[in-house]
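Trainee: Listed here are the chains, written in short residue letters.
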Amino acid sequence: MDRIPILRMGRFLLVTLQVDMHDQLALRLQDDLTNAIQAKGAKGVLIDISALEMVDSFMGRMIADISGMARILDARTVLVGMQPAVAITLVELGLSLPGVDTALNVERGMRLLERVLSDGDDHRPR
Amino acid sequence: MSGKASISMILQKRSADIQAAWMQQLTTVSASSSGRLANDELKRQADGFLNVLNAAIKSGRTDNIDGPEWVEVRAFLDDLSRQRALAGFGSEETATFVFSLKKPLFEALRLESLADPQQFADDVWSITVLLDKLGLHTIKAYQRAREGIINRQQQELLELSTPVVKLWDGILALPMIGTLDSARTQIVMESLLQKIVETESEIAILDITGVPTVDTLVAQHLLKTVTALRLMGAECIISGVRPQIAQTIVHLGVDLQGVTTKANLADALALALKRIGVSFTRQ
Numbered sequence: 001m002d003r004i005p006i007l008r009m010g011r012f013l014l015v016t017l018q019v020d021m022h023d024q025l026a027l028r029l030q031d032d033l034t035n036a037i038q039a040k041g042a043k044g045v046l047i048d049i050s051a052l053e054m055v056d057s058f059m060g061r062m063i064a065d066i067s068g069m070a071r072i073l074d075a076r077t078v079l080v081g082m083q084p085a086v087a088i089t090l091v092e093l094g095l096s097l098p099g100v101d102t103a104l105n106v107e108r109g110m111r112l113l114e115r116v117l118s119d120g121d122d123h124r125p126r
Numbered sequence: 001m002s003g004k005a006s007i008s009m010i011l012q013k014r015s016a017d018i019q020a021a022w023m024q025q026l027t028t029v030s031a032s033s034s035g036r037l038a039n040d041e042l043k044r045q046a047d048g049f050l051n052v053l054n055a056a057i058k059s060g061r062t063d064n065i066d067g068p069e070w071v072e073v074r075a076f077l078d079d080l081s082r083q084r085a086l087a088g089f090g091s092e093e094t095a096t097f098v099f100s101l102k103k104p105l106f107e108a109l110r111l112e113s114l115a116d117p118q119q120f121a122d123d124v125w126s127i128t129v130l131l132d133k134l135g136l137h138t139i140k141a142y143q144r145a146r147e148g149i150i151n152r153q154q155q156e157l158l159e160l161s162t163p164v165v166k167l168w169d170g171i172l173a174l175p176m177i178g179t180l181d182s183a184r185t186q187i188v189m190e191s192l193l194q195k196i197v198e199t200e201s202e203i204a205i206l207d208i209t210g211v212p213t214v215d216t217l218v219a220q221h222l223l224k225t226v227t228a229l230r231l232m233g234a235e236c237i238i239s240g241v242r243p244q245i246a247q248t249i250v251h252l253g254v255d256l257q258g259v260t261t262k263a264n265l266a267d268a269l270a271l272a273l274k275r276i277g278v279s280f281t282r283q
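Those protein sequences? They're chains H and L, same order as listed. According to the working numbering, the stretch in the first sequence is residues 1 to 126, in order. According to the working numbering, the stretch in the second sequence is residues 1 to 283, in order.
Any given hint might turn out to be false.
Unchecked claim - Simulated restraints on C-beta separations: (1) E53(H) - D169(L): 26 to 32 Å; (2) E107(H) - S191(L): 50 to 56 Å; (3) R71(H) - Q186(L): 31 to 37 Å; (4) S118(H) - S191(L): 43 to 49 Å; (5) S279(L) - I4(H): 38 to 44 Å; (6) E53(H) - L271(L): 32 to 38 Å; (7) D56(H) - V165(L): 32 to 38 Å; (8) G258(L) - R71(H): 48 to 54 Å; (9) D2(H) - G258(L): 34 to 40 Å; (10) I4(H) - G258(L): 30 to 36 Å.
What the hints assert, rightly or not - Rough simulated footprint, nothing fancy, chain H against chain L, three-plus residues with beta-carbon under 8 Å: (11) 49-57; (12) 229-235.
By construction, these hints were calculated from the structure, which means they are not laboratory data. Think of the CB as a built atom: it goes at the ideal place given N, C-alpha and C, for glycine as much as any other residue.
Model the full structure from these sequences, guided by the hints.
Mentor: See below:
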């Protein structure tokens with residue numbers, strides 16, 4: 001069974017979603033990611049979805065779930081690289097992903113995480 | 001002698017009279033409506049219409065103008081209506097083209113059937129029904145042409161009215177002008193999001209100075225745009241909120257919490273510059 005690679009970049013973890021998710025893959029990713037956060041003491045997770053042309057409600061919920069799980073494990077999640085069409089679809093579906101931080105690309109996301117973590121305060125997502 | 005045959009015969013026999021009388025009618029109408037049409041043009045149209053009309057009447061059925069015998073007449077009227085719609089004529093003037101034919105025709109019928117009042121009454125009735133139908137067809141065609149023009153203009157307006165302006169490195173502005181509806185907001189949203197990706201901007205200013213009214217629907221559209229921008233990782237500032245609009249929004253109970261709003265574009269730009277860490281000093 002295929003799995004989604006989780007890359008470590010300093011204090012952060014980078015997950016790039018490229019294929020369409022299904023239940024098994026999503027559960028496996030959640031499992032892998034929570035374990036990785038725990039094992040590596042990561043303080044931030046970047047989820048890169050710039051390669052996705054389409055995000056459905058299942059995907060939206062999965063991202064929100066991952067964000068919630070990471071938060072409990074004291075890691076911030078930033079969703080990066082969403083395509084315009086995807087953003088419009090999500091808004092039309094009524095999924096505004098509250099509580100998930102976003103950035104234009106991985107670099108910006110990284111900067112956001114660094115800033116938030118260096119501030120030390122509990123920066124509430126916009 | 002059947003009514004149709006006699007009408008057709010009279011039309012042919014008295015065509016010169018009818019034409020002259022009709023031209024007179026048309027020119028009076030046209031003169032009263034600022035004379036946008038040259039007399040030559042009017043004469044050409046009148047001749048053309050009489051020709052196709054005569055041919056159609058001769059071919060038989062006058063009770064059903066949707067039949068194949070009337071194809072040419074319908075095409076002629078469609079064409080005429082479209083031309084007049086484009087030239088800016090009113091629906092009334094356009095329909096009068098057909099209706100003004102009644103008087104000359106009745107006159108011709110009267111002269112031809114002095115001895116037979118019954119026949120005259122029948123003929124007048126069938127001509128009235130026929131011309132009414134043709135007149136209504138003309139109005140319908142005119143309406144269609146007008147709708148086509150309006151649609152095209154709307155489309156052009158849509159394309160004209162969504163400029164995304166770069167104010168600073170990383171700051172985009174979108175001055176919105178005119179009433180916002182679903183179709184426009186969709187295009188605005190798409191072009192703004194696309195531009196955000198292209199320029200890697202992190203702040204977008206939506207300026208609604210040119211939006212005349214904000215109702216719940218417009219507010220909802222604005223909120224959608226803000227949310228979509230946030231999902232992509234950009235921030236949105238709404239500027240140009242007029243006092244009246246602020247009142248309306250609160251009265252409508254629209255929740256703009258979590259959206260940064262400024263009274264004018266200058267304030268919004270100042271805030272955006274501060275956010276990206278640019279500062280100015282007066283020398």
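Trainee: Hint by hint, which ones does this structure get wrong, listed from lowest number up?
Mentor: 2, 4, 8, 11
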